[in-house]
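Colleague: For reference, the chains in residue letters:
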Amino acid sequence: MSEDTFKFSIDNVEIEGKKGETILQSALRSGKKFDLPFYCWHEELSSPAQCRICQVEVDGWGKLVTSCSTPANPDMKVSTKSDKVKAARAGVMELYLLNHPLDCPICDKGGECKLQDYTMRYHLKPSAFTHHKIRRAKHKNMGRVIYDAERCIVCTRCTRFDEEVVGDSQIGVVNRGVGLEIDSFDGGEVTHNFSGNFADLCPVGAWTTKDYRFKSRPWQLTKIDSPCTTCSNGCQAVYWQAKNKLHRITAGKNSDINKRWICDKGREGYHLYNNVENRYEQPMVRGANGEFEECSWEEAARIASEILRESKSPAVFTTNLVTNEAANSLKDLAKDLNSSLNGSDNSALLENWQAVVSKGMAQKGSAINHSAKRFVVVGLDLWETTPIFAVLSNKRKRDEGLVIEEVASLDKVSSNNNPTLLIIGEKELGDKSFSQKLDELKNKGVTEILPLFEGCNPRGLLESGITPFGSEVQGDKIAAGTALFLASDLSREKSFLPQFKQQLSNLDKLILLDDVSSPMSEFASVILPTRNFAMSFGGISTFDNQSQVMKQVLQPTGAMKSVEEIVSLLSAHDHKHQEVPR
Amino acid sequence: MRKNYYKRDYTLKDYLFFPALIEGLWYTLKLFFSKKYTIQYPEETRTFPEILRGFPYLVWNEEEERERCVACKLCERVCPPQCITIEPDETSESWLTVDVERYPKKFEIDMGTCIVCGFCAEACPVDAIRMSDAFSWANYDRNDLILNKNQLLTPYHDVSRLKGMYKQDPAKRTSVHDRKRREKQTRA
Numbered sequence: 001m002s003e004d005t006f007k008f009s010i011d012n013v014e015i016e017g018k019k020g021e022t023i024l025q026s027a028l029r030s031g032k033k034f035d036l037p038f039y040c041w042h043e044e045l046s047s048p049a050q051c052r053i054c055q056v057e058v059d060g061w062g063k064l065v066t067s068c069s070t071p072a073n074p075d076m077k078v079s080t081k082s083d084k085v086k087a088a089r090a091g092v093m094e095l096y097l098l099n100h101p102l103d104c105p106i107c108d109k110g111g112e113c114k115l116q117d118y119t120m121r122y123h124l125k126p127s128a129f130t131h132h133k134i135r136r137a138k139h140k141n142m143g144r145v146i147y148d149a150e151r152c153i154v155c156t157r158c159t160r161f162d163e164e165v166v167g168d169s170q171i172g173v174v175n176r177g178v179g180l181e182i183d184s185f186d187g188g189e190v191t192h193n194f195s196g197n198f199a200d201l202c203p204v205g206a207w208t209t210k211d212y213r214f215k216s217r218p219w220q221l222t223k224i225d226s227p228c229t230t231c232s233n234g235c236q237a238v239y240w241q242a243k244n245k246l247h248r249i250t251a252g253k254n255s256d257i258n259k260r261w262i263c264d265k266g267r268e269g270y271h272l273y274n275n276v277e278n279r280y281e282q283p284m285v286r287g288a289n290g291e292f293e294e295c296s297w298e299e300a301a302r303i304a305s306e307i308l309r310e311s312k313s314p315a316v317f318t319t320n321l322v323t324n325e326a327a328n329s330l331k332d333l334a335k336d337l338n339s340s341l342n343g344s345d346n347s348a349l350l351e352n353w354q355a356v357v358s359k360g361m362a363q364k365g366s367a368i369n370h371s372a373k374r375f376v377v378v379g380l381d382l383w384e385t386t387p388i389f390a391v392l393s394n395k396r397k398r399d400e401g402l403v404i405e406e407v408a409s410l411d412k413v414s415s416n417n418n419p420t421l422l423i424i425g426e427k428e429l430g431d432k433s434f435s436q437k438l439d440e441l442k443n444k445g446v447t448e449i450l451p452l453f454e455g456c457n458p459r460g461l462l463e464s465g466i467t468p469f470g471s472e473v474q475g476d477k478i479a480a481g482t483a484l485f486l487a488s489d490l491s492r493e494k495s496f497l498p499q500f501k502q503q504l505s506n507l508d509k510l511i512l513l514d515d516v517s518s519p520m521s522e523f524a525s526v527i528l529p530t531r532n533f534a535m536s537f538g539g540i541s542t543f544d545n546q547s548q549v550m551k552q553v554l555q556p557t558g559a560m561k562s563v564e565e566i567v568s569l570l571s572a573h574d575h576k577h578q579e580v581p582r
Numbered sequence: 001m002r003k004n005y006y007k008r009d010y011t012l013k014d015y016l017f018f019p020a021l022i023e024g025l026w027y028t029l030k031l032f033f034s035k036k037y038t039i040q041y042p043e044e045t046r047t048f049p050e051i052l053r054g055f056p057y058l059v060w061n062e063e064e065e066r067e068r069c070v071a072c073k074l075c076e077r078v079c080p081p082q083c084i085t086i087e088p089d090e091t092s093e094s095w096l097t098v099d100v101e102r103y104p105k106k107f108e109i110d111m112g113t114c115i116v117c118g119f120c121a122e123a124c125p126v127d128a129i130r131m132s133d134a135f136s137w138a139n140y141d142r143n144d145l146i147l148n149k150n151q152l153l154t155p156y157h158d159v160s161r162l163k164g165m166y167k168q169d170p171a172k173r174t175s176v177h178d179r180k181r182r183e184k185q186t187r188a
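Quick note, the sequences are listed as chains A and B, same order. All residue numbers for the first sequence refer to our numbering, where the first residue is 1 and numbers rise by one. All residue numbers for the second sequence refer to our numbering, where the first residue is 1 and numbers rise by one.
These aren't lab readings, by the way, just hints derived from the structure by calculation. It should be emphasised that the depicted structure is a prediction, and the values quoted were computed from it without experimental measurement. Each hint should be verified, as a subset may be incorrect.
[Said to hold, decoys possible] Under the rule of at most 25 Å between Cα atoms (straight-line distance), these lysine-lysine pairs were calculated in the DSS-like manner:
| hint | chain 1 | residue 1 | chain 2 | residue 2 |
| --- | --- | --- | --- | --- |
| 1 | A | LYS138 | B | LYS30 |
| 2 | A | LYS245 | B | LYS106 |
| 3 | A | LYS215 | B | LYS184 |
| 4 | A | LYS140 | B | LYS105 |
| 5 | A | LYS215 | B | LYS149 |
| 6 | A | LYS210 | B | LYS106 |
| 7 | A | LYS63 | A | LYS125 |
| 8 | A | LYS210 | B | LYS184 |
| 9 | B | LYS105 | A | LYS243 |
| 10 | B | LYS105 | A | LYS245 |
| 11 | B | LYS106 | A | LYS243 |
[As the list claims (entries may be wrong)] Between beta-carbon pairs, the in silico distance windows are:
| hint | chain 1 | residue 1 | chain 2 | residue 2 | range |
| --- | --- | --- | --- | --- | --- |
| 12 | B | ASN143 | A | ASN275 | 24 to 30 Å |
| 13 | A | LEU102 | B | GLU122 | 16 to 22 Å |
| 14 | B | PRO49 | A | ARG121 | 37 to 43 Å |
| 15 | A | ARG135 | B | GLU183 | 32 to 38 Å |
| 16 | B | ASN143 | A | LYS501 | 44 to 50 Å |
| 17 | A | SER296 | B | ILE146 | 44 to 50 Å |
| 18 | A | SER30 | B | PRO49 | 23 to 29 Å |
| 19 | A | ARG135 | B | LYS105 | 56 to 62 Å |
| 20 | B | ASN143 | A | SER30 | 51 to 57 Å |
| 21 | B | GLN40 | A | ASN275 | 17 to 23 Å |
| 22 | B | SER92 | A | ALA288 | 19 to 25 Å |
| 23 | A | GLU294 | B | GLU122 | 20 to 26 Å |
| 24 | A | LYS265 | B | LEU52 | 42 to 48 Å |
| 25 | A | ALA288 | B | ASN143 | 56 to 62 Å |
Beta carbons: idealized from backbone N, C-alpha and C, even for Gly.
All chains should be modelled from the sequences, with the hints used to inform the complete structure.
Modeller: Written out as structure tokens, the structure is:
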């Protein structure tokens, strides 16, 4: 027990308190179950102590105190079960329910609403209110979220989140007294990329997302903790699924990556995995007449490995939406074919990265808690590539004075004595002269370098010695005769680009590993239905090289197989390029 | 050895056998001409009590010309055999003109699975689902027993109207809850 910790008791149960910690924080940290309700308190936000439901009685103190803002003292005797506390809680609940509308059947929050839960626990007698309830604006369109002023209990969690975490305050509390409401300052919509968090924060159904409006109830959904796959930030998310379809994503908890937040793009990223209509059911092979014919897995694997065996130099590609295990199995497949995955054999990007690693300048540790005093971002917009990293770094900028500089190119990086984290994209890292600039950058104060790419798992690929899939990287590599391509939404998007289309049409034969049909399929000779990313299980690395585990959230449909299974099927048919003595 | 209680010694009647036969046949003949208590179902039925609980149906809101159901999914949750499927959706009217903006896009009850417990009617917060008096349900195909929203809104409880079936006119039939509420109002 160090100097700062002491013991105090809640309901005669002894727990440990730290200096400066409030009663509520100590109680939650202890892991023991206490009867401590709260509306306006949130572990990532300030405590205004305005909801008054967390009141507890301390032995020897006359008035009740709010446990969310009262620091714990040594040898305090806190009681949450005394008559005074019960009466106080019942009183607070009564006042909240006075004007609260009877919306539970139509409110999206029903089943996970704090007001509902605390009413069942603390509300002692039926309401004596016989007048008409106040009518306010309902269903107010605020961009990707909807605000309902009647249900709002003005806990101000949303406004404090906007002000303290996002920094770009777009909503605030308006009017006074009984007319208190939340509104945007210009009356318009909330435009930043973090409005979905209002729905997570709100203890009642005042903020709801348009995406999930009237969709389902929480009791029919199964929760699975898995990282978000929309960008490389790798925020911890909670996937809610029912009947093998995803209904929504909410923010998960990870103090090193995303705290308790998730951006709107990630929130709406689950629609990608619900595309049931276009899914491939069976493997397909292009027959003699040029049309696709369905066939069995053995037949398709045999034809595919025949194609690979007969071709001169087959190339193997994968996009960044792949687990580390799947990527490594594709890497082994490429090695057996005397080629490399994503052209890693002669990739300037990979050589530059190895130079960075050998100089000890590869970024390590959590990026949002990084020890550097200055971030230099070259040619990227952090708010687009990794929004949660951007917002939490901006918070550090306001709170701790972290310096964030945005420059257009590497030459414009200024010198500084502070340890600096250099954040670069694939353009700079893929530049052939990059490794020579490393010493120069070191002299300017750069201690660590963090590469940012598109897609979900580029850092994982980089760390495994594979070039991540990007726009610049593929340039000349895809000119080979045959290719095996593990596609995802990124490549499907790019297949609309004329340059990529040209490269695909130059191919003799394309073996496509994909789960839904797309314009890429017209160039394919063999289509092997692959499990999409929500159905895979494996490890991925976030952009700052923290490992996350992608847990399977959906069951595969049809004859889908995982990437590792497909690679082993192809290996079984002896696709090896050189003769292997048996 | 215990005495065998069910066996008695044979008498002359037993040895003759014929009298026992006549005794039985005479009893059958007697019954042939006596009053019968069998009800010829389905042409005749017993009088059913008013609280007879039949299969559920959806209530139609006359003024607003829509179903009363707001797709809260409470009946779906409480249903023990889970035979109700609901998909909520948003109405196209604004909150200024209608009281509720939520309605069930899909509301299906599988009558083959329904156990007629009445939990759904009990759970409904807006009295949108009630138990009818229809109890006989025969069909050639199980899938035809899955009723959709339109079928549930049609008053099918009036269809199985048989002579002398109820103590009161089926057209005037309402749920027991409604009748009791009306009585309370007239009393108060």
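Colleague: State for each hint whether it applies.
Modeller: Going down the list of hints, with the structure as the test:
1. A:LYS138 with B:LYS30: violated (79 Å)
2. A:LYS245 with B:LYS106: holds (18 Å)
3. A:LYS215 with B:LYS184: violated (39 Å)
4. A:LYS140 with B:LYS105: Holds. LYS140 (chain A) to LYS105 (chain B) sits at ~23 Å (cutoff 25 Å).
5. A:LYS215 with B:LYS149: Holds, at about 18 Å.
6. A:LYS210 with B:LYS106: Holds, at roughly 20 Å.
7. A:LYS63 with A:LYS125: The hint holds at about 24 Å.
8. A:LYS210 with B:LYS184: violated (44 Å)
9. B:LYS105 with A:LYS243: Status holds; Cα separation ~18 Å.
10. B:LYS105 with A:LYS245: holds (18 Å)
11. B:LYS106 with A:LYS243: holds (16 Å)
12. B:ASN143 with A:ASN275: 24 to 30 Å: holds (28 Å)
13. A:LEU102 with B:GLU122: 16 to 22 Å: holds (18 Å)
14. B:PRO49 with A:ARG121: 37 to 43 Å: Given range 37 to 43 Å: holds, Cβ gap about 41 Å.
15. A:ARG135 with B:GLU183: 32 to 38 Å: Check passed, 34 Å falls within 32 to 38 Å.
16. B:ASN143 with A:LYS501: 44 to 50 Å: holds (46 Å)
17. A:SER296 with B:ILE146: 44 to 50 Å: violated (35 Å)
18. A:SER30 with B:PRO49: 23 to 29 Å: With Cβ atoms ~59 Å apart, the hint is violated.
19. A:ARG135 with B:LYS105: 56 to 62 Å: Cβ of ARG135 (chain A) to Cβ of LYS105 (chain B): about 27 Å, so the range 56 to 62 Å is violated.
20. B:ASN143 with A:SER30: 51 to 57 Å: Distance hint for ASN143 (chain B), SER30 (chain A) holds at roughly 56 Å.
21. B:GLN40 with A:ASN275: 17 to 23 Å: violated (59 Å)
22. B:SER92 with A:ALA288: 19 to 25 Å: Hint violated: Cβ distance 52 Å, outside 19 to 25 Å.
23. A:GLU294 with B:GLU122: 20 to 26 Å: violated (51 Å)
24. A:LYS265 with B:LEU52: 42 to 48 Å: Roughly 56 Å apart at Cβ, these two residues miss the hinted range, so it is violated.
25. A:ALA288 with B:ASN143: 56 to 62 Å: The hint (56 to 62 Å, Cβ to Cβ) is violated, given that ALA288 (chain A) and ASN143 (chain B) are roughly 42 Å apart.
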